[in-house]
Amino acid sequence: MDTVFGVKYDGGVIIAADQGNARSILMYQKNLDKVVPLSSHSALGISGPNSDLVNFSEYVQKNIALYELSNDGMKLSTHAQANFMRGELAAALRRGPYQVNVLLGGYDAGAESSSLYFLDYMASLQKVNYGCQGYASSFCLSIMDRDWKEGLTEDEAIAIVEHCMKELQTRFLIAQPNFIIKVIDKDGVKVAKFGADPADT
Amino acid sequence: MPPSFPALAPFDRLQDPRTIRKIVSVDNRSVLAFAGLTADARVLINKTRVEAQSYRLTCEDAPSVEYLARYIARTQQKYTQRGGVRPFGIATLIAGFSDPSAEGGVAGPVLYQTDPAGTHSSWRAQVIGGKNAKNQREFLEKNYEDDMDEEASVKLAVQCLLEVVDSGAKNMEIMIVRADGKAFMEESAIDVVVKKVEEEIEANKDAKKKSTDE
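Here the protein sequences line up with chains A and B, keeping their order.
The working numbering applies: residue 9 is where the first sequence begins, and numbers increase by one.
The working numbering applies: residue 5 is where the second sequence begins, and numbers increase by one.
Hints in this document: simulated from the structure, not taken from any laboratory.
Be careful, since some hints might not be right.
What the hints assert, rightly or not - Partial list, derived from the structure: chain B residues whose beta carbon lies under 8 Å from chain A:
1. Arg22
2. Asn50
3. Arg53
Claimed, not checked - In silico PhoX-like cross-links for lysine-lysine, where the CA-CA straight-line distance does not exceed 20 Å:
4. A/Lys83 / B/Lys186
5. B/Lys200 / B/Lys174
6. B/Lys51 / A/Lys70
7. A/Lys135 / A/Lys157
8. B/Lys174 / B/Lys214
Every residue, glycine too, gets a C-beta built ideally from N, C-alpha and C.
With these hints in hand, go ahead and build the complete structure from the sequences.
Shown next, in the form of structure tokens:
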């Protein structure tokens, strides 16, 4: 039921997600922040049951922090973070899987480039230019196929995300009024916009 | 409240100094300095780092300096009462700032020491390692004052270090821990303090000489 988008552009990545937290017929909250910062220059858009969402993202966050502390401040590349997460998902898969589908976006200062990774609950990992998780993919992948091109600016990338949001809000059965959009670039992770303030989660 | 300041022994010119740090971060808010067997320190520091992240994961909050000191002390003690292992050959100094809510609204600097026996205690100034530790502790006792500011603390640290280290900022590592963060002192800044201290020592020597001549 969750929607997560990712769009890579020249010098950064946009990660966006809806802000709903619901189960069965109940809507628990409408201001959940599902784009979790993993390190200073990477963020994880994550969907799934709230338990796994929180458990998995915090676990990965703390392990990345441990790595940086233990290695004299050296930052894990986005590629390494993605593969670490994939390893954890794969290990848990045949024991007690994390039912999370994620999009990892990060900026690597050394390579001066951004990257986006699609990772689903079965531990399928793929580096992509743009991606969606959830029902959104049925509506929005075609829009992204059309609109995305090499060398986008940040504003153009956000425009693609907003185009996708508009489509969902028009045609998707489930109402998702609030979305949070985050930008990851050389200056780190920052919130571009949100539908509802996630501050008091 | 002195910053962490273990003396760095003069090292080979061929060695990469970044790989023999004696002051390390164990958490965003806490710093550890050690004296003794470097390899043992590495093991203990890694355990502490994992413990700090584990605390953050379960408690959604940073561990206090005291918690980490207790953990290190507990670990060091375990290795004195088990078969097939030997105690960690290190003493540590852990520094950081206390939680403002715990101290009645004001975060204060804290310094803890642990030893191979597994005891931990809080200090206002402390020195570990080297053959002169006892003398230096007396020196600290004589010269430490409760309300020293950062400059005075650094000066005191440098005075202590100069006893055991060949003169030169190259041979010292000084980390300053403040309420809002921590940073290593630049070598050039240490140089300035070293020169001042050395000038004072010279001046004292001259003054003494004059008085004995008279």
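### Query
Can you give the numbers of the hints that this structure goes against, from lowest to highest?
8
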